[in-house]
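There are 2 protein chains.
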Amino acid sequence: MTDFDATKALFHLPEGVIYLDGNSLGPLPRAAAQVMQKTIHKEWGEMLITGWNKAGWMEQPMRIGDRIGAMLGAEPGHVCLGDTLSIKVYQALAAALALVPERRVILSDSGNFPTDLYMAQGLIRALGRGHELRLVDPEDVADHLSEEVAVLMLTEVDYRTGRRHDMRALSEMARDRGVVTLWDLAHSAGALPVDLAGCGVDFAVGCTYKYLNGGPGAPAFIYVAPRHAGRIEPVLSGWLGHQAPFAFDLDYRPAAGSERLRVGTPPVLQMAALEAALDIWDRVDIDDLRARSIALGELFISEVESRCPMLTLASPRDPHRRGSQVSFAFDEGYAAMQALIDRGVIGDFRAPDIMRFGITPLYIDEADIGAAVAVIAEVMHNALWDRPAYRRRATVT
Amino acid sequence: MTDFDATKALFHLPEGVIYLDGNSLGPLPRAAAQVMQKTIHKEWGEMLITGWNKAGWMEQPMRIGDRIGAMLGAEPGHVCLGDTLSIKVYQALAAALALVPERRVILSDSGNFPTDLYMAQGLIRALGRGHELRLVDPEDVADHLSEEVAVLMLTEVDYRTGRRHDMRALSEMARDRGVVTLWDLAHSAGALPVDLAGCGVDFAVGCTYKYLNGGPGAPAFIYVAPRHAGRIEPVLSGWLGHQAPFAFDLDYRPAAGSERLRVGTPPVLQMAALEAALDIWDRVDIDDLRARSIALGELFISEVESRCPMLTLASPRDPHRRGSQVSFAFDEGYAAMQALIDRGVIGDFRAPDIMRFGITPLYIDEADIGAAVAVIAEVMHNALWDRPAYRRRATVT
Numbered sequence: 001m002t003d004f005d006a007t008k009a010l011f012h013l014p015e016g017v018i019y020l021d022g023n024s025l026g027p028l029p030r031a032a033a034q035v036m037q038k039t040i041h042k043e044w045g046e047m048l049i050t051g052w053n054k055a056g057w058m059e060q061p062m063r064i065g066d067r068i069g070a071m072l073g074a075e076p077g078h079v080c081l082g083d084t085l086s087i088k089v090y091q092a093l094a095a096a097l098a099l100v101p102e103r104r105v106i107l108s109d110s111g112n113f114p115t116d117l118y119m120a121q122g123l124i125r126a127l128g129r130g131h132e133l134r135l136v137d138p139e140d141v142a143d144h145l146s147e148e149v150a151v152l153m154l155t156e157v158d159y160r161t162g163r164r165h166d167m168r169a170l171s172e173m174a175r176d177r178g179v180v181t182l183w184d185l186a187h188s189a190g191a192l193p194v195d196l197a198g199c200g201v202d203f204a205v206g207c208t209y210k211y212l213n214g215g216p217g218a219p220a221f222i223y224v225a226p227r228h229a230g231r232i233e234p235v236l237s238g239w240l241g242h243q244a245p246f247a248f249d250l251d252y253r254p255a256a257g258s259e260r261l262r263v264g265t266p267p268v269l270q271m272a273a274l275e276a277a278l279d280i281w282d283r284v285d286i287d288d289l290r291a292r293s294i295a296l297g298e299l300f301i302s303e304v305e306s307r308c309p310m311l312t313l314a315s316p317r318d319p320h321r322r323g324s325q326v327s328f329a330f331d332e333g334y335a336a337m338q339a340l341i342d343r344g345v346i347g348d349f350r351a352p353d354i355m356r357f358g359i360t361p362l363y364i365d366e367a368d369i370g371a372a373v374a375v376i377a378e379v380m381h382n383a384l385w386d387r388p389a390y391r392r393r394a395t396v397t
Numbered sequence: 001m002t003d004f005d006a007t008k009a010l011f012h013l014p015e016g017v018i019y020l021d022g023n024s025l026g027p028l029p030r031a032a033a034q035v036m037q038k039t040i041h042k043e044w045g046e047m048l049i050t051g052w053n054k055a056g057w058m059e060q061p062m063r064i065g066d067r068i069g070a071m072l073g074a075e076p077g078h079v080c081l082g083d084t085l086s087i088k089v090y091q092a093l094a095a096a097l098a099l100v101p102e103r104r105v106i107l108s109d110s111g112n113f114p115t116d117l118y119m120a121q122g123l124i125r126a127l128g129r130g131h132e133l134r135l136v137d138p139e140d141v142a143d144h145l146s147e148e149v150a151v152l153m154l155t156e157v158d159y160r161t162g163r164r165h166d167m168r169a170l171s172e173m174a175r176d177r178g179v180v181t182l183w184d185l186a187h188s189a190g191a192l193p194v195d196l197a198g199c200g201v202d203f204a205v206g207c208t209y210k211y212l213n214g215g216p217g218a219p220a221f222i223y224v225a226p227r228h229a230g231r232i233e234p235v236l237s238g239w240l241g242h243q244a245p246f247a248f249d250l251d252y253r254p255a256a257g258s259e260r261l262r263v264g265t266p267p268v269l270q271m272a273a274l275e276a277a278l279d280i281w282d283r284v285d286i287d288d289l290r291a292r293s294i295a296l297g298e299l300f301i302s303e304v305e306s307r308c309p310m311l312t313l314a315s316p317r318d319p320h321r322r323g324s325q326v327s328f329a330f331d332e333g334y335a336a337m338q339a340l341i342d343r344g345v346i347g348d349f350r351a352p353d354i355m356r357f358g359i360t361p362l363y364i365d366e367a368d369i370g371a372a373v374a375v376i377a378e379v380m381h382n383a384l385w386d387r388p389a390y391r392r393r394a395t396v397t
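Residue numbers (my numbering), protein chains in the order written: chain A, 1 to 397; chain B, 1 to 397.
Chain A on its own, in the form it takes in the complex (with noise of 0.2 angstroms):
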């Protein structure tokens, strides 16, 4: 059984603050400040370049993928650390239309991460060969997987209301139809069980730095499956991902199996905060982990409904088709968040009227939900966010 007050001492956590908004950023492992000490003054400072043998920097991304995988159900080999997610879209996107090369529709829905889409669209417009990403409702997505869609390319959970696609369901339906499957994971990761393997999924991304803890700009994660890895043409063909990058050669050749994913130079110290924030993962049955979100879930949900009849749920009720966010929908939404945050409960906004709240079981407990729930019924009650310093739109993340 996981100890969650165990995980809780882990972090580093401010004083005076309720921390709801683990599903953008994660807050710091204390152990992350140590490693990166380290990593600064043992490694770059004593080893200079050396490092990149003596402390296994040049490992990094596969060995903090494998780390990451089998929290994923993936296979060992198969996930590979590094850029960001815009990039691994374009990357996973770029391998998975070749393999259906007779076949122009990619198939996402309105939910997704916008980048996700935006990446696809400077993708078809640099294939130039008449792709189209074609974009339906959430729930409409199975009744649009013809045999017309090249690859289904799908957020897990939505970013705003924390609904859940059935990725098991969607996965198989999509190979049957012979689409293949391109995941993305940023709210999934660390949120809850992934069964990338027994899903039989084709391309997952994700990100690092939510429920996974890795800090601010923490390198994203690209899997293919075993079945596919042998056959990608990598489209962002760098050295670290050739078969020998230290023979210089002038011609690409791809290197065995997903390494061929790598790119460029790794970004040492993020990984090496990352890797630290992984350690605390070693504690935790992520069985457990989804248990106690939804049950957390559960009693945030029914304490702000019931003390707070001006938010409207906009999550899904039913908490297997949530991940580990809980959104209310609310006009003045913006500026409320402004005075809960004001007022030391950290959630985040999406336009147009979303309150988005992160439960996140490594550092949040029962205490921490009641006394959130407090904070939120009496600005909503005593109209504390109708000041105007509460007005600005939001323009971050």
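No lab work stands behind these hints, which were simulated from the structure alone. Check the hints yourself; a few may be wrong.
[Stated by the list, open to error] Listed below are the simulated PhoX-like cross-link pairs for lysine-lysine, each with C-alpha atoms no more than 25 angstroms apart in a straight line:
1) A:LYS38 <-> A:LYS54
2) A:LYS42 <-> B:LYS54
3) A:LYS42 <-> B:LYS38
4) A:LYS38 <-> B:LYS8
5) A:LYS54 <-> A:LYS42
6) A:LYS8 <-> A:LYS38
7) A:LYS8 <-> B:LYS38
8) B:LYS42 <-> A:LYS42
9) A:LYS38 <-> B:LYS38
10) B:LYS8 <-> A:LYS42
11) B:LYS38 <-> B:LYS54
12) B:LYS38 <-> B:LYS8
13) A:LYS8 <-> B:LYS8
14) B:LYS54 <-> B:LYS42
On the provided structure of chain A, position chain B as indicated by the hints.
Below, chain B without anything else, positioned relative to chain A:
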């Protein structure tokens, strides 16, 4: 007049080490270690998600871009930080090719760093429009600059030999023939004066972990000339290059000017270390630096040549035709470099036979050069490299 004793004191340099590999990875600026502590504890730890606004994380890519741009003769607002050099090559080359849609040849040279060539190869495959990557000998570039060429893609300073192209002359010649220029400044930025605007360069890219001392895996930069910035349709169309990232539109619309070259979430921790490293440059006149680099390089060459006749100069003898490194060819160069490193003189090796030594006046002085040459002479004359332990082949940068 730049005080190079003062700049040397700003770095942590390990006891017993003479570091002649700043052309691969710059050493640790003391301030970077301090700033990282602050960024981790006061920003990530205390501000959490609000750091994007309060700590200015969101502005890092363009703010730091302007500081690097000022060192390169770029117009303000036209250098953007992020991703890796490989990704930036892809992004710049795609934009460059789109400016000359009727031409099909990318001209480069066989001394270019392989990842630049690999990324071009991947882009050519993705585009599928019959582009050709044409490689010629470095000294033959001008002869091949025909009106058939779409893009001239060169690295100013050769990573192995330090040979330096004439950026001004080649850029002018290219412009006269309607060829778009893309310069890789990996071994130029922080090593010698660069005049992007004055040379009429169209695109430039570079990395920040070499002479700029940004730390292992520090982000890359990209420059686009103002005359092109508003015309580019980014192939890597990520959300932070969108006109209104936090409107979460479903369609990509590029941001104004060069900010459209942003892609995903910036690596905040790496950026913080880099920004601290750049403070050192506020004390440096780049012409002073270049003069001192030449003086130290000439001293190094004359001392090595007089004491180690078995080493053959592989860099141009004319200091104005080389960057800020000196290379010697030696058949047993790999083993010899291992022996040097064991004795505290850190340079590096590049296949097949190149021993590289970076000359970095910010923290290397005449005494270091003298001491390094003494060790080199000892290793060479006593064949201290001729031991089994030094025979393993290089695998790392």
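How the hints compare with the structure:
Simply put, LYS38 of chain A and LYS54 of chain A have alpha-carbon atoms about 14 angstroms apart, close enough for the 25 angstroms limit, and the pair holds. A C-alpha spacing of about 31 angstroms is found between LYS42 of chain A and LYS54 of chain B, which places the hinted pair above 25 angstroms, so the restraint is violated. Taking the CA atoms of LYS42 of chain A and LYS38 of chain B, the gap is about 18 angstroms. The hint holds against a cut of 25 angstroms. For the proposed pair LYS38 of chain A and LYS8 of chain B, the alpha carbon gap of about 22 angstroms is at most 25 angstroms, so the pair holds.
Between LYS54 of chain A and LYS42 of chain A the CA atoms are separated by roughly 11 angstroms; this keeps the pair inside 25 angstroms, and the hint holds. Straight-line distance between C-alpha atoms of LYS8 of chain A and LYS38 of chain A comes to about 23 angstroms, which keeps the hinted pair within the 25 angstroms bound. Between LYS8 of chain A and LYS38 of chain B, the direct Cα distance comes to roughly 22 angstroms. Compliance with the 25 angstroms bound is thereby established for this hinted pair. Proximity of LYS42 of chain B to LYS42 of chain A is assessed by CA-CA distance (about 22 angstroms); at most 25 angstroms being required, the pair is judged to hold.
Between the alpha carbons of LYS38 of chain A and LYS38 of chain B the distance comes to roughly 15 angstroms, so the proposed pair stays at or under 25 angstroms and holds. For the hint linking LYS8 of chain B to LYS42 of chain A, the alpha-carbon distance of about 19 angstroms falls within 25 angstroms, and the restraint holds. For the proposed pair LYS38 of chain B and LYS54 of chain B, the alpha carbon gap of about 14 angstroms is at most 25 angstroms, so the pair holds. The straight-line distance between the Cα atoms of LYS38 of chain B and LYS8 of chain B is roughly 23 angstroms, inside the 25 angstroms bound, and the hint therefore holds.
For the proposed pair LYS8 of chain A and LYS8 of chain B, the alpha carbon gap of about 43 angstroms is over 25 angstroms, so the pair is violated. As the CA atoms of LYS54 of chain B and LYS42 of chain B are separated by approximately 11 angstroms, the hinted pair is consistent with the 25 angstroms bound.
Violated hints for the displayed structure, listed by number in ascending order: 2 and 13.
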